[in-house]
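*Asks:* As a plain string of letters, each chain reads:
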Amino acid sequence: MKKGPSTTSFFINGLLLVICLIWTLPTFGLLMTSFRDRDVVSKTGWWTTLTRPSQANLTIDNYKQVLSGKKITLVDHKGNKRTVRGDNLNRAFLNSLTVSIPAVVIPILIASFAAYGFAWMDFPGRKILFIIVVALLVVPLQIALIPLLRDYGRLELTGTFLAIWLAHTGFGLPLSVYLMYNYISQLPRSIIESAIIDGCSHFGVFWKLILPLSVPAIASLSIFQFLWVWNDLLVALVFIGSKPGVEVLTQRLLYMIGSRGQDWHLLCAGAFVSMILPLTVFLSLQRYFVRGLLAGSVKG
Amino acid sequence: MEQSRSKKDFFENFFIILGRAFFTLFVPITAFYCFFKIFIILREGHAPQIVLTIIAILWGVGGIAGLYFLSYWLISKLPAIWNKRILPYLFVGPALVILSWYLFLPTIRSLYLSLFNETSTEFVGLANFLFCFTDEDMLISYRNNLLWLIFGTGLASGCGLLIAILADRSRFERLAKTVIFLPMAISFIGAGVIWRFVYEYKPPGEDQIGLLNAIYVWFGGEPQAWLMIWPWNTLFLIIIMVWMWTGYAMVIYSAALKGVPTSLIEAGRVDGAGEIRIILSIIIPYIMGTIITVSTTILIITLKIFDIVYTMTGGLFDTDVVASMQYKQMFAQHNFGTGSAIAILLFLAVVPVMYINLRQFGQQEGFK
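Chains as they are written, first to last, in numbering that gives the first Met the number 0: chain A, 0 to 299; chain E, 0 to 367.
Hints in this document: simulated from the structure, not taken from any laboratory. Since the model is a prediction, treat every value here as computed from it, not as a measurement. Fair warning: there could be bad hints in the mix.
With a cut-off of at most 30 Å between alpha-carbon atoms, the simulated DSS-like pairs for lysine-lysine come out as follows [as the list claims (entries may be wrong)]:
{"id": "1", "chain 1": "A", "residue 1": "Lys207", "chain 2": "E", "residue 2": "Lys83"}
{"id": "2", "chain 1": "A", "residue 1": "Lys42", "chain 2": "E", "residue 2": "Lys201"}
{"id": "3", "chain 1": "A", "residue 1": "Lys126", "chain 2": "E", "residue 2": "Lys83"}
{"id": "4", "chain 1": "A", "residue 1": "Lys242", "chain 2": "A", "residue 2": "Lys63"}
{"id": "5", "chain 1": "E", "residue 1": "Lys83", "chain 2": "E", "residue 2": "Lys7"}
{"id": "6", "chain 1": "A", "residue 1": "Lys42", "chain 2": "A", "residue 2": "Lys63"}
{"id": "7", "chain 1": "E", "residue 1": "Lys76", "chain 2": "E", "residue 2": "Lys7"}
{"id": "8", "chain 1": "A", "residue 1": "Lys207", "chain 2": "A", "residue 2": "Lys126"}
{"id": "9", "chain 1": "A", "residue 1": "Lys63", "chain 2": "E", "residue 2": "Lys201"}
{"id": "10", "chain 1": "A", "residue 1": "Lys126", "chain 2": "E", "residue 2": "Lys76"}
{"id": "11", "chain 1": "A", "residue 1": "Lys242", "chain 2": "E", "residue 2": "Lys327"}
{"id": "12", "chain 1": "A", "residue 1": "Lys207", "chain 2": "E", "residue 2": "Lys76"}
{"id": "13", "chain 1": "E", "residue 1": "Lys7", "chain 2": "A", "residue 2": "Lys126"}
{"id": "14", "chain 1": "E", "residue 1": "Lys36", "chain 2": "E", "residue 2": "Lys76"}
{"id": "15", "chain 1": "E", "residue 1": "Lys36", "chain 2": "A", "residue 2": "Lys242"}
Model the full assembly from the supplied sequences, consistent with the hints where possible.
*Replies:* Set out below in structure tokens:
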């Protein structure tokens, strides 16, 4: 941070402030909308809660309904009353969690083993195999969808958690191996050699020494993989499909969008429910996240 | 190699190869089998959701680690010389098996499938590729993807650099960076919902609930259905992506800016260069490598962009991009031939960009 002349500094801070406002405004709008009554959501802009606070009547009903599937009574245009059960995101939330946690842990564990093998063990084909693994970074996951869909069809895996864990593992591995290799291969040789001389096996070295030392790399990689898996839509659409009971949050949101208009108040609350976890992870672990980003792109 | 030992070596090598193959496959296949069985049992037992979740997580976390331990225990029972030669394959094997199944073989299989008809029963030669280059919707998707490439990458990278430079000279750098960075944690679909309320259209006369239309009307315009008019709809979709990925560019540029030696900048000042001149002639050339990595990374994301288009417009109003066309070919048309052909094209487009990206990254020697 440098201090320029005061007019320049004023200009810089002002411009930055405006940019930040523009960046926050859309999210802020959604947050306001999610607290508005269902009748007004599609009638007036969310900013009217600020311009006319007296008529705002904010409510947390949308969240209640989204989280508990609260029963609501609707009166349609003919005057008939009907009771519908609101969209319940609890299940989708749990599904997202069930998909995400193993889909983060499994690839990182497997990648760490592989990275250690490539970095510190000697075996024929080491170099060429490593090059192939890194080269697989260029393969877009779209290319794997059709062949995998057929395999899954044959194995009757479509719509199971296993199918989607494995898919996320496969698609996440090249980057994970690459980043873990970069980290593990730069640990000082002397630590590993002295442990081996002391009679520790490679397995022991890996488990007791390398994994604890790699915590920073594992932390940043986990955040990435978590955000990627939690926010993923394509892989879920292809491999879970419309299997009821297994749908993750992003899929549920997609269906809520599909319902055009009448359920928008729920959509807003639902969108925020889906963002709570990634935003918490992100804000609390931002430091690791940034470190990971830098590791994947520039020298920090 | 010594000739006299060759026969004994042959058998030993044979068993070692067998051992390597076994331990390469042991962890993934056992894990696969156990997961599979447990799920069938749980599904048929109609276990409550929360139980399923907990078991799934415990299995996912503990099961794989347990299998590695089991394999290691088995290997350690072998004679020392074998142990030494087989153990590396326990480490790298599982990753290689999964990568072969999920990325390596599918690339070859997609290439193969792309030469067949929609049900993969009849060889059609290059007909699918011919379709890809002649079909009108496909051509539209290339045109849109080009817009994504140019504007998406340019704007995200440009805004990122601008904000990084501003933040570097500002008093509330941390706050500003967090605010700009935050959208990265949101899913494309969440971002889609957020921006829906910016682009929403109501007929003239009614209260506009979309921010953009409200502003537009306030300045005296007619409300517009922004997502229905080409090319503006694609540009408005691109803005969502820019909103999300500028933070990424900014964080990396910001770190790179901190690496520019102050002596260089001071020297520029002494020579009488203004702030703009310093940025253009000293800072930007200095961080050129970073600019290339950031831009290529974002370029790859725009090449494969799918979620935004699919959730915002579903590809209607001429907003389709290559990845959404592929999805349509797969699931709406059930045409696996064309779907594979599009995937191959996508692959061919990504390769050179990724090559530049990795080479640039390699030059900067990476982690820590």
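*Asks:* Run every hint past the structure and note whether it holds.
*Replies:* Hint check results:
1. Lys207/A / Lys83/E: holds, 19 Å
2. Lys42/A / Lys201/E: Judged against 30 Å, a Cα distance of about 9 Å means the pair holds.
3. Lys126/A / Lys83/E: holds, 18 Å
4. Lys242/A / Lys63/A: Holds: Lys242/A and Lys63/A sit about 25 Å apart, inside 30 Å.
5. Lys83/E / Lys7/E: Satisfied, since the Cα-Cα distance of roughly 18 Å is no more than 30 Å.
6. Lys42/A / Lys63/A: holds, 22 Å
7. Lys76/E / Lys7/E: With a Cα-Cα distance of about 21 Å, the restraint between Lys76/E and Lys7/E holds, given a limit of 30 Å.
8. Lys207/A / Lys126/A: holds, 26 Å
9. Lys63/A / Lys201/E: Holds, at about 28 Å.
10. Lys126/A / Lys76/E: holds, 28 Å
11. Lys242/A / Lys327/E: holds, 19 Å
12. Lys207/A / Lys76/E: Holds: Lys207/A and Lys76/E sit about 21 Å apart, inside 30 Å.
13. Lys7/E / Lys126/A: With Cα atoms ~28 Å apart, Lys7/E and Lys126/A stay inside 30 Å; holds.
14. Lys36/E / Lys76/E: holds, 29 Å
15. Lys36/E / Lys242/A: It holds: about 19 Å lies between the C-alpha atoms, which stays within 30 Å.
Comparing the model with each numbered hint stated earlier shows that all of them hold.
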